[in-house]
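Colleague: Required output: the full structure, derived from the provided sequences and hints.
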Amino acid sequence: MIKIFPTEKNIWNKYRPLLNAINSLEKELFVLSDQELKDQAINLKNYSYQVKKLDNNVLVKSFALVREASRRTTDLRHYDVQLLGGLVLHEGKIVEMKTGEGKTLVSTPPALVNSLFGEGVHVVTINDYLAKRDAEWMGQIYRFLGSRVGLIQSNMEYLERKQNYSRDITYVTNTDLVFDFLRDNMSTSLKELVQKPFNFCIIDEVDSILIDEARTPLIISRESNLVLEKYFKANEVSKYLKEKIHFDIDEKAKRISLTNKGLDRTSLLLNTTNIYDIQDPWIPYILNALKARYLFFKNIHYITKNNTVLIIDEFTGRVMEGRKWGDGLHQAIEVKENIQVLKGTETLASITYQNFFRLYPKVSGMTGTAKTEELEFENIYNLSVSILPTYEKMQRQDHLDFVFKDEITKWKAIAQECLKMYNLGRPVLVGTTTIQNSEILSQLLIAYNVPHQLLNAKPENIAKESEIIAQAGCFKSITIATNMAGRGTDILLGGNPKFKARETTRFIIDRLLKGENFFIPGINLVNLKKGLQKNPKLNNQLEHNLDSLLTTIQIYDRKLTPFENYIFTLYNNLLEKYKEKHLKESEIVKALGGLYVIGTERHESRRIDNQLRGRSGRQGNPGSSRFFLSLDDPLIRIFGGDKIQTAMKNLKIDNEAIDSKFLSSSLDSAQQKVEGFYYDQRKTLNKYDQVLDKQRKIIYNLRQKVLYTPILKELIIEFGEGLIDDFIQYLELQNEGDKNIVLPKKIIKLFNRLSITSDIIFKNISNLPALKKFLYEQLWSSYIYKEFEFSYYDSRLLHRYTQLLFFKYIDFYWYKHLENMNFLREAISWEAYAQKDPFIQYDESATNLLNITLKDCRDSIIFEVFISNII
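With the working numbering, the residue at position 396 of the sequence shown is 396, and numbering never jumps.
Among the hints, a few may not be true.
To be verified - Straight-line Cα separation of at most 25 Å, DMTMM-like style, residue types lysine to aspartate or glutamate; simulated pairs:
1) Lys763 / Asp725
2) Lys808 / Asp837
3) Lys687 / Glu378
4) Lys577 / Glu564
5) Lys476 / Glu516
6) Lys324 / Asp176
7) Lys697 / Glu587
8) Lys749 / Asp693
9) Lys393 / Glu587
10) Lys763 / Glu721
11) Lys713 / Asp726
12) Lys584 / Asp490
Derived by calculation from the structure, the hints in this document are not laboratory data. Keep in mind that this is a model prediction, so the values were computed, not measured.
Modeller: Structure below.
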């Protein structure tokens, strides 16, 4: 049953009593000293830690304290609507807020409240830059109130991670958080664990993480040997296969299937009779080679750098370092790109975001676009979506799409529109879906002599990302950028004075370091130049760490050195000049209509389009958006059906654009079809992954039991008795069939170590209960002897030895099980052709596989425990 969520008015009504109570404390807290404010926060924390209960008084006081601390440290006072967002987050829901409405600030009150019990809060962002920025910026509020702030960065070592996870509020990326969890569940010592038990998390860009990335599991793997010959042969074969003759492409599902002619030609080229042979399969290599050639393209789906293939995230336009496509696809693409150093991978641990974030007792999230996916959030994550009203009324105008007959006409029209806006002085942000498209438009603008900034996933652009976006609202600014999801930088009309002041400070220092004379009216650079000459070691640090130095000076209240003071004085002087300029330029840009956002292609998801539109019209500013489309765009070509193309042809439009409600509504309908298609995919993935998730919990719980149990004797005896129970059951079955009983060699070897001969077993085979009791007793006495044997050297030695044996075999059999589950998933898809439900078959087979895995793991542990010697 779908829940009916409250309207904006109802949200205000629901939380009004709490908001009034928070506001009533503002005057009282305003007159307190900094120390008095901090003391109140610490007292609140001590009280909450003792009673382990959160009542409304604590909630109200906490929110009021955070607001006052924020005003004093960041000069930002929470508006009522931002407090409202914080209350919604505290209840474990998703908040949808328009771009520029202050999501980062909204997260601070619920983060502090939920950290009061000492169980930790995770604020999850999508990249290291945002995690660091928010930990430093918002961290001022928490530190002011006596809370400890942690930050996880991708390059941190184990001890630093552990220390930061132990703090009250930790800022961390989604990938670091998940991989640390997986690594913790591969550790062999309590000392190696970095994370605490999960409590509460706030996910920024929640739709990007829980929806867009839900289909891709996060995997820890190791290198494995590859049969390289097959990849190269398959790549060569793919060159001789033609679409619609030898294979068909399903662009919607990104699948390729061979026709009968394709099967014949492939078999002929490979000189084999059965490319589906289980013992020596060719079909996965051929299909991956065709996918690599016809579905995955350079500068669209990936880039190449330093002889490696790097995936581009289709939703954010960012390079996904360390990520690889699975099932041999990545290697097939490497072969296509003539990359010779091929390495295979074997999965050691994996989990999807869908299952990972369910591990938290309470989850909440923030985004600018979630309402279109609320059904999925509700059904899969049990998260409701609340839309917050904007602080100022939205003024942005979203115009009807322009549709052109082909791509060439479209790109020319976009370039001419940019030229027109440049001549007017109105800033333009052009959003493209691929690197290739961004560079096509860039070349056109160069031909039109239009100055512009280009931001895409190429490595040379990443370092300049925040600076480019920050200045996209300047007078006469034209900016081309790939998808704008989660850039994390506000576009201010008239430009961002802080970024400009930092950039100019960096420029001046660079010139002075090179010995050049530099003069700025009204600013004295003499002391700074002398300081640079006296501090040669510091000069090198400044070139790379100026941003960090300025951030540290601004955030941490400490005495500045004379040299730091020169830099900070220069920065502040420049900042004041740029603020004056910003006020003037902002008014000019507003008069011109504000930021103009141009979309060059409708995305498969309406959310991504809305994220792009949302860069304009922030905080009540004017702005507009329009999408320029063509009949060749993938969405129209693959999902749009014949309606749009037929309408365009009937209108006989050549170089002109058509804008109509019919076309726009048809595109909206196409997007909804695509969203529904991918939602079904994610729902199916979730359904299947639930099976694996249950099994993962069984394995991880066993690992934790081994990790936290001080003495493993009971567990070893339990495993040993289980092995004996299975052996007795085996004998019962053999007796029933009147068969000649053959004892497995491994069992004989184990029983010999327990002082049990085959003769003893055969003599007692007619009385299995007595035999079972005897075997139990021998197992117990043998383990007692082993304890005595090991204690001669060190009483702790046997525990550590058996603990490592448990980890060795649990990890080994889990890795093999994951491999088997992948094979099972592929094989089970054929069950649908036999009119069987693939999921039922998968569920039953998966259960059988796990039982076999657990028994094999148990037996291996018991064999090695009892057969091994200390010397």
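Colleague: If a hint holds in the structure, say so; if it does not, say that too.
Modeller: Against the structure, the hints:
Distance check on the hinted pair: Lys763 and Asp725 sit about 18 Å apart at the alpha-carbon level, within 25 Å; holds. Pair hint Lys808 plus Asp837 does not hold up; C-alpha atoms about 36 Å apart against a cutoff of 25 Å. Simply put, Lys687 and Glu378 have alpha-carbon atoms about 15 Å apart, close enough for the 25 Å limit, and the pair holds. Of the pairs offered as hints, the one joining Lys577 and Glu564 holds, with about 20 Å between alpha carbons and a cut-off of 25 Å not exceeded.
A hinted pair counts as satisfied when its Cα atoms are at most 25 Å apart, and Lys476 with Glu516 does not qualify at roughly 30 Å. Among the hinted pairs, Lys324 with Asp176 is consistent with the structure: their alpha-carbon atoms are about 16 Å apart, no more than 25 Å. A hinted pair counts as satisfied when its Cα atoms are at most 25 Å apart, and Lys697 with Glu587 does not qualify at roughly 58 Å. Among the hinted pairs, Lys749 with Asp693 is inconsistent with the structure: their alpha-carbon atoms are about 36 Å apart, more than 25 Å.
For the proposed pair Lys393 and Glu587, the alpha carbon gap of about 18 Å is at most 25 Å, so the pair holds. Restraint check: the Cα-Cα separation between Lys763 and Glu721 comes to about 21 Å, which is no more than 25 Å; the hinted pair holds. Between Lys713 and Asp726, the direct Cα distance comes to roughly 20 Å. Compliance with the 25 Å bound is thereby established for this hinted pair. As the CA atoms of Lys584 and Asp490 are separated by approximately 19 Å, the hinted pair is consistent with the 25 Å bound.
Of the hints listed earlier, those the structure fails to meet are numbers 2, 5, 7 and 8, in rising order.
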